[in-house]
Amino acid sequence: MIKENILFLPLVIHLFAAIIMLFGWGKVWFQRWFSMGSNALAVALSAWLFLVVWKGGILTAHAGGWAPPFGITLVADTLSVSLVLITSIIGLAVSIFSAASIISQRVKFGYFPILQILILGLNGAFLTGDLFNLYVWFEIIIISSFVLLTIGGERVQLEAAVKYFTLNMLSSIIFLTAIAIVYGLTGTLNMADLALKIPAVEQTHLVELTAILFLAGFGTKAAIFPFYFWLPSSYHTPPDAVSAIFGGLLTKLGVYAIIRVFSLLYADSALINEILSIAAGCTILAGASAAIVQNNLRKIFSYLIICHIGFMIAGIAMGSALALVGVIFYLFHDIVVKTNLFMLAGLTHRITGTSSLRDLGGIYDKYPLIALLLAVPLFSLVGVPPLSGFWPKLALITAGFSDSRWIMTGFIILGSFLTLLAIAKVWAEVFWKTPPEFSVRPNFTFWEKFENKRKLMYLLPIGFLSAISLFIGFGAGWVQVVAERISAELSDTLHYVNAVLQLPNI
Numbered sequence: 237m238i239k240e241n242i243l244f245l246p247l248v249i250h251l252f253a254a255i256i257m258l259f260g261w262g263k264v265w266f267q268r269w270f271s272m273g274s275n276a277l278a279v280a281l282s283a284w285l286f287l288v289v290w291k292g293g294i295l296t297a298h299a300g301g302w303a304p305p306f307g308i309t310l311v312a313d314t315l316s317v318s319l320v321l322i323t324s325i326i327g328l329a330v331s332i333f334s335a336a337s338i339i340s341q342r343v344k345f346g347y348f349p350i351l352q353i354l355i356l357g358l359n360g361a362f363l364t365g366d367l368f369n370l371y372v373w374f375e376i377i378i379i380s381s382f383v384l385l386t387i388g389g390e391r392v393q394l395e396a397a398v399k400y401f402t403l404n405m406l407s408s409i410i411f412l413t414a415i416a417i418v419y420g421l422t423g424t425l426n427m428a429d430l431a432l433k434i435p436a437v438e439q440t441h442l443v444e445l446t447a448i449l450f451l452a453g454f455g456t457k458a459a460i461f462p463f464y465f466w467l468p469s470s471y472h473t474p475p476d477a478v479s480a481i482f483g484g485l486l487t488k489l490g491v492y493a494i495i496r497v498f499s500l501l502y503a504d505s506a507l508i509n510e511i512l513s514i515a516a517g518c519t520i521l522a523g524a525s526a527a528i529v530q531n532n533l534r535k536i537f538s539y540l541i542i543c544h545i546g547f548m549i550a551g552i553a554m555g556s557a558l559a560l561v562g563v564i565f566y567l568f569h570d571i572v573v574k575t576n577l578f579m580l581a582g583l584t585h586r587i588t589g590t591s592s593l594r595d596l597g598g599i600y601d602k603y604p605l606i607a608l609l610l611a612v613p614l615f616s617l618v619g620v621p622p623l624s625g626f627w628p629k630l631a632l633i634t635a636g637f638s639d640s641r642w643i644m645t646g647f648i649i650l651g652s653f654l655t656l657l658a659i660a661k662v663w664a665e666v667f668w669k670t671p672p673e674f675s676v677r678p679n680f681t682f683w684e685k686f687e688n689k690r691k692l693m694y695l696l697p698i699g700f701l702s703a704i705s706l707f708i709g710f711g712a713g714w715v716q717v718v719a720e721r722i723s724a725e726l727s728d729t730l731h732y733v734n735a736v737l738q739l740p741n742i
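Here the sequence shown is numbered in my numbering, starting from 237 and rising by one per residue.
It is possible that part of the hints are untrue.
[Unchecked claim] 30 Å max Cα-Cα, derived DSS-like pairs, lysine-lysine:
| id | residue 1 | residue 2 |
| --- | --- | --- |
| 1 | K535 | K691 |
| 2 | K669 | K602 |
| 3 | K691 | K602 |
| 4 | K535 | K661 |
| 5 | K344 | K691 |
| 6 | K535 | K344 |
| 7 | K602 | K535 |
| 8 | K661 | K691 |
| 9 | K661 | K399 |
[Stated by the list, open to error] Have a look at the derived ranges for each label pair, beta carbon to beta carbon:
| id | residue 1 | residue 2 | range |
| --- | --- | --- | --- |
| 10 | V437 | D728 | 15 to 23 Å |
| 11 | T634 | D728 | 18 to 26 Å |
| 12 | S640 | D728 | 23 to 31 Å |
| 13 | W642 | I256 | 53 to 61 Å |
Worth flagging that the hints you see were computed from the coordinates, not collected in a lab. None of these values were measured; they are calculated from a predicted model. Virtual Cβ for every residue (Gly too), placed ideally from N, Cα, C.
Using the sequences plus the hints, can you model the full thing?
Here's what the structure looks like:
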């Protein structure tokens, strides 16, 4: 019973943190420090949950004592607890960055409680064991992210929010339609129960229809081709801290949903694998080619999110054990790096007063130590060995060669090369070049006017996530072990099904 209750802790901590902060609505200092403290506690609780699952295997909890598949089920396998742990780490980093960068007026509008609700929704989605509750957690995430996207009420934010909300609500409607059809076919929404019942459904055309609907719904949230255009129109408009958690986690939730649902329910679908293969190649090409022609730093990073989602979809389409290892490894790496890149973009804007590459330059000459710190996430994204992006790309390319997936492998290599060009452009324009004489920017007085305490709170979360990236790269052996265990669990879902339905392992 004690072990089961541990499952609720990553949810309860953020729920109660949000409620408590409501009582300090007008106390800006309280909300900032309480948010950082609660997220630090969440990291410790998530690490505890990870260790329990790592040592003891899959953990389940059934709300209200209802036996599966009738009640609300929470399931903690290695994939879900790994993502809960990474989410808590990202939440802590973004909370610290928010304390430095979010102005008091936005804090007074409830920024920090909504941030806690967003993290709550993410953890709930990772831990849920049934499709309807996955939908519910998605809606919590959409509502809280919409508030964060619009907080402050600037015109450009509201315009972006309309696109964001419209496309995500459309994807939710598609998702809900698929849920209704699945329930009509099987009479259950518990994912472990569905893993047993879906193969027995005689109307195979309806099963394929639900798979396509799920792919469209999750694909929109993951920003895969052709549903990606809402992302670069939205992610460059909110405050930097909001862009950071959006860029790191929200699209990866869509990838997680694809991995979870399709590994359990549609693993043998040749049609879905073919669609995923085409979508992956198009996503890589669309994201990478758009990134290299952008002039705004946050737009470059937004398009690179799309490109690298394509890498993960490519690995899912390959479906081999090694490819899944590459997908999981890349998922961990990408969450950390993309969050860090958007904080990097925020710091660059604070230092110089602009995000336009044309007006930037001279940061290495003026602040060499800061430039070297920022180089870690940039070169990790490219995949410079032995940094964190190198190992999962190596796994994906090796898997592609092993399975003779030449076209898919070619797209991954092309996407990597175009990413290199985009990041080389960023490094040259932002850090190396001399600022243009005709421009009044970069105006380094923005940064120099900040007190040292505030500067530290800008740099600390970036340094923290850079250290995590270095650990993933130089400690790749440990991450590889985790990814291999997750790959094995995804390939053989029997243990998941037995753990949830309380069946004996045979």
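Comparing the hints with the structure gives:
| no. | hint | result |
| --- | --- | --- |
| 1 | K535 with K691 | holds (25 Å) |
| 2 | K669 with K602 | holds (12 Å) |
| 3 | K691 with K602 | holds (15 Å) |
| 4 | K535 with K661 | holds (13 Å) |
| 5 | K344 with K691 | holds (22 Å) |
| 6 | K535 with K344 | holds (28 Å) |
| 7 | K602 with K535 | holds (25 Å) |
| 8 | K661 with K691 | holds (26 Å) |
| 9 | K661 with K399 | holds (29 Å) |
| 10 | V437 with D728: 15 to 23 Å | holds (22 Å) |
| 11 | T634 with D728: 18 to 26 Å | holds (22 Å) |
| 12 | S640 with D728: 23 to 31 Å | holds (24 Å) |
| 13 | W642 with I256: 53 to 61 Å | holds (56 Å) |
Going through the hint list in order, the structure satisfies each hint without exception.
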